[in-house]
Amino acid sequence: MSFEPKIVGFLCNWCSYTGADLAGVSRIKSAPNVRIIRTMCSGRVDPTFILKAFQLGADGVVVMGCHLGDCHYQEGNYKTIRRIPFLKRLIRDFGIDPRRLRLEWVSASEGDRFAHVVNTFTEEIRALGPLELYIHAGRKDGQKAGVAEVK
Amino acid sequence: MAKPKLALYWAASCGGCDIAVLDLQEKILDVANIFDIVFWPVAMDFKYDDIRKMDDKSIDICLFNGSIRNSENADIARLLRAKSKVLVAFGSCALEGGIPGLANLTTKDRIMDWAFRDSPSTVSQNGGVYPQTHTKTQEGQIEIPEIWETVKSLDQVVEVDYYIPGCPPQPSQIWGVIEFIMSGKPLPEKGAILGAGTKTCCDECTRERKEKKISRFFRPYEIEPNPNECLLDQGILCMGPATRDGCGALCTKANVPCRGCYGPPPNVIDQGAKMISALSSIIDAHEPDDIERILDQIADPIGTFYRFSLAHSILRRVEKS
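Those protein sequence lines, which keep their order, are chains A and B. Residues are numbered in my numbering as their position in the first sequence, beginning at 1, plus a constant of 171. Residues are numbered in my numbering as their position in the second sequence, beginning at 1, plus a constant of 1488.
Here chain A stands alone, though its shape is the one from the complex (with noise of 0.2 Å):
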């Protein structure tokens, strides 16, 4: 069976969730391999939720918010954008390729956006590949996450 990206979005309430509906309403089409949880501002997202999205099995992971000044909260994007290039550093240490993990900015009025970001990100990470991680060992099974004996 040919590879299909497992790929979690975390998109704002305000912004990219609502253009992410118009995508939708104007039937643009767009790629389905993007799970998309919403969140009230880009700047909710924890890095923890990230981590933990690759550690279910996402092989990649797009956080879309608002532009810069547009944030329903003002200041909630500009936590946003330090803190996935920090992120970013960190996966990669953790051996994971930075580029499965993007930031992007989709306002409300911008469903063709949406759909293009979602579409060139689905091609990114199919070229990437699937993520293969230590954690997701275990899992096979359809155990727990990392409890079987890996020495």
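The hints are simulated quantities; they were obtained by calculation from the structure and are not laboratory data. Watch out, some of these pointers could steer you wrong.
Unchecked claim - Under the rule of at most 25 Å between Cα atoms (straight-line distance), these lysine-lysine pairs were calculated in the DSS-like manner:
id, chain 1, residue 1, chain 2, residue 2
1, A, K259, B, K1808
2, B, K1808, A, K177
3, A, K259, B, K1701
4, B, K1687, A, K223
5, B, K1808, A, K223
6, B, K1700, A, K259
As the list claims (entries may be wrong) - Here are some chain A residues the structure puts well away from chain B; computed CB gaps all over 12 Å:
id, residue
7, K177
8, R198
9, N204
10, L261
11, R270
12, S278
For glycine and all other residues, C-beta sits at the position ideal for the given N, C-alpha and C.
Assemble chain B onto chain A, guided by the hints.
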């Protein structure tokens, strides 16, 4: 009434946890009065066979320090689990892998090559002499434990009842736990963290804090820290915001940043992720280039943020490449 039985063991650890028990000072005599110490390799002469001969669940409390790094650590962890009513992961290593857990940054092969072939102090001939798990001698076969690829915390190998964090746990906290257990009060629910607080190290720290805005990070040798101001405010990486309280902020009192040994605070599963979250909020930059420049000043994020907790973090080890 027979005295309750106490066992102490060290797996992959430095011995500091055992020293911390001895640091109870004269109260160590009370420990000996209250308990019948049945096993304590660092201080008393018992053999593994003494434990094997015991009935299951015959040890009342086992304080287990050290991470699980080789087959011997794991065998004894399983043995003591079977023989103990209450198994306590004692200290950072047992709790979350500790300093030995940093071996998860690399691979067993690289560690062995460095230790037995490549390090400047090793005289290696014919490509180095590596330890073998089985060696035949005239007297018979000698076995030594097999080192693992990945270091684990105690609870990744056996079920653990309670946790006491710290590198090492503070003697006053150890005594507090012993007193609590001996008071006969009902024990807390399984999995509880004992001998520590429920906030962060910052809550115990007495340094003066301002609104944090960091535009330059310093490594400790690059700066003479002001003894009264928050170290993080001064640009020194201090793990306080992502570390559980309970130690009394000993390090910051000595003008040294918190290293994070008490592990993540309640409801935090990954200390490094939390530290990134905290630092991202206080870095004073809005442009990508400025942000990258400031992040460049943080040497070794993974080794700093997961100094004690790598083996127990969400991803647990660096991928082999």
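Hints, one by one, checked against the model:
| no. | hint | verdict |
| --- | --- | --- |
| 1 | A/K259 / B/K1808 | holds (18 Å) |
| 2 | B/K1808 / A/K177 | holds (22 Å) |
| 3 | A/K259 / B/K1701 | holds (22 Å) |
| 4 | B/K1687 / A/K223 | holds (23 Å) |
| 5 | B/K1808 / A/K223 | holds (20 Å) |
| 6 | B/K1700 / A/K259 | holds (23 Å) |
| 7 | K177 | holds (17 Å) |
| 8 | R198 | holds (34 Å) |
| 9 | N204 | holds (22 Å) |
| 10 | L261 | violated (6 Å) |
| 11 | R270 | holds (15 Å) |
| 12 | S278 | holds (19 Å) |
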